[in-house]
Amino acid sequence: MVLDRVRVPVIVACLLAMGWMGWEATRFAETRSVGIRAALRDPPAFDGAEVLLMMWTVQAVDPAGWVAEKYGRTVAVRGGCEGLRPGQTVTATGRFRADGPAVDATWCEVHHWRRAKQGLGVLGALLALATLPWAFRIEGGRLVERG
Amino acid sequence: MADLITHGCIALLCKRGQQALRPDAPLHLASFVAGNLLPDLLARLPAELFTLAAARGAFVPPLLLHGWGPFHIPAGMVLTSLMLALLFPPAAQRAVFGNLLSGMLLHLAIDLLQSHAGAGYLLLFPLSTRPFELGWIGSEATVVVAPLLVVVTAFAWRDRLVAAWRRLR
Chain F
1 MVLDRVRVPV
11 IVACLLAMGW
21 MGWEATRFAE
31 TRSVGIRAAL
41 RDPPAFDGAE
51 VLLMMWTVQA
61 VDPAGWVAEK
71 YGRTVAVRGG
81 CEGLRPGQTV
91 TATGRFRADG
101 PAVDATWCEV
111 HHWRRAKQGL
121 GVLGALLALA
131 TLPWAFRIEG
141 GRLVERG
Chain P
1 MADLITHGCI
11 ALLCKRGQQA
21 LRPDAPLHLA
31 SFVAGNLLPD
41 LLARLPAELF
51 TLAAARGAFV
61 PPLLLHGWGP
71 FHIPAGMVLT
81 SLMLALLFPP
91 AAQRAVFGNL
101 LSGMLLHLAI
111 DLLQSHAGAG
121 YLLLFPLSTR
131 PFELGWIGSE
141 ATVVVAPLLV
151 VVTAFAWRDR
161 LVAAWRRLR
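The listed protein sequences derive, respectively, from chains F and P.
Residue numbering for the first sequence follows our numbering, starting at 1 and increasing by one per position.
Residue numbering for the second sequence follows our numbering, starting at 1 and increasing by one per position.
Next comes chain F alone, as it looks inside the complex (with noise of 0.2 Å):
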């Protein structure tokens, strides 16, 4: 490619770029404005929002409905599903209440499979992580495919 001649600018420019959106990736995560993060830091203005708790665990049950978590954030959530036990993961949609704050599930769903999914992909990054720097090789400085 053209780009050998300039490929340490052409990498640093990447990288810059790639570090540039990973910083408007991590505002928008925090602000979306179906993100619960953003409901949390300012309960008033998303009073009455619809939500989305996106894989979050299960905490805890009480009678009243359950406490959900992720990044070690914790909301409570009323209706939504049964039966639910901690340690399940869940993905709700509902309003938020900005007295409590809490979440009135509307729609939820429990990942029965996410155990074995979870496992399937710590396997497969192992098995990733393991093989594939046997699939490249250094030569001269720069990297070559082996086979």
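Just so you know, the hints here were simulated from the structure itself, not pulled from any lab data.
Be aware that a few hints might be false.
[Unchecked claim] With beta-carbon atoms standing in for the labels, derived distance ranges: (1) F:Val122 with P:Gly138: 18 to 24 Å; (2) F:Ile138 with P:Arg22: 25 to 31 Å; (3) P:Arg158 with F:His112: 32 to 38 Å; (4) P:Leu134 with F:Arg137: 37 to 43 Å; (5) P:Leu113 with F:Thr31: 27 to 33 Å; (6) F:Gln59 with P:Pro46: 20 to 26 Å; (7) F:Thr31 with P:Arg158: 49 to 55 Å.
Built from N, CA and C at the ideal position, the CB exists for glycine as well.
Guided by the hints, dock chain P onto chain F, whose structure is given.
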């Protein structure tokens, strides 16, 4: 995201198909499979590890929780493929770039099949934050497919597996 076993098997089967259709064309198996696995290894793996740390009470800056996302979107895939391809000799860069990027896009295409309650993937980020997903299968649907894919993939690549086993012995 689908699990890496499913992604890896589908990538290997695609390359087997290419080899059957165009036996004389260079395979670039390593680049294609690496490209297929890298979006999760670069975006999801660190995010999961830092999420785990945050859940255990450690202070984790939001950037370390969410900043890896661009490795899993088309714009980031193009930049990552370009950066990695430039590490190869000039004669191989174009082919490696193409295989890395097509592996990554295959990864994304498989993930788009899944349903994430409308959260989806930000395909046009950073130009747009509108999420998209096809939502044709559940987010854990690949768990039951993965074992079957492993068997089919091992059968499809049995000649290489046997050769590797003989070398080891």
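Going through the hints against the structure:
1. F:Val122 with P:Gly138: 18 to 24 Å: Holds, at about 20 Å.
2. F:Ile138 with P:Arg22: 25 to 31 Å: Since the Cβ atoms of Ile138 of chain F and Arg22 of chain P sit about 29 Å apart, the hinted range of 25 to 31 Å holds.
3. P:Arg158 with F:His112: 32 to 38 Å: Because 34 Å falls inside the window, the suggested range holds.
4. P:Leu134 with F:Arg137: 37 to 43 Å: For Arg137 of chain F against Leu134 of chain P, whose Cβ atoms are near 39 Å apart, the range 37 to 43 Å holds.
5. P:Leu113 with F:Thr31: 27 to 33 Å: Holds, since Leu113 of chain P and Thr31 of chain F (Cβ atoms, about 28 Å apart) stay within the stated range.
6. F:Gln59 with P:Pro46: 20 to 26 Å: For Pro46 of chain P against Gln59 of chain F, whose Cβ atoms are near 24 Å apart, the range 20 to 26 Å holds.
7. F:Thr31 with P:Arg158: 49 to 55 Å: holds, 51 Å
When each numbered hint is compared with the structure, no violation occurs for any of them.
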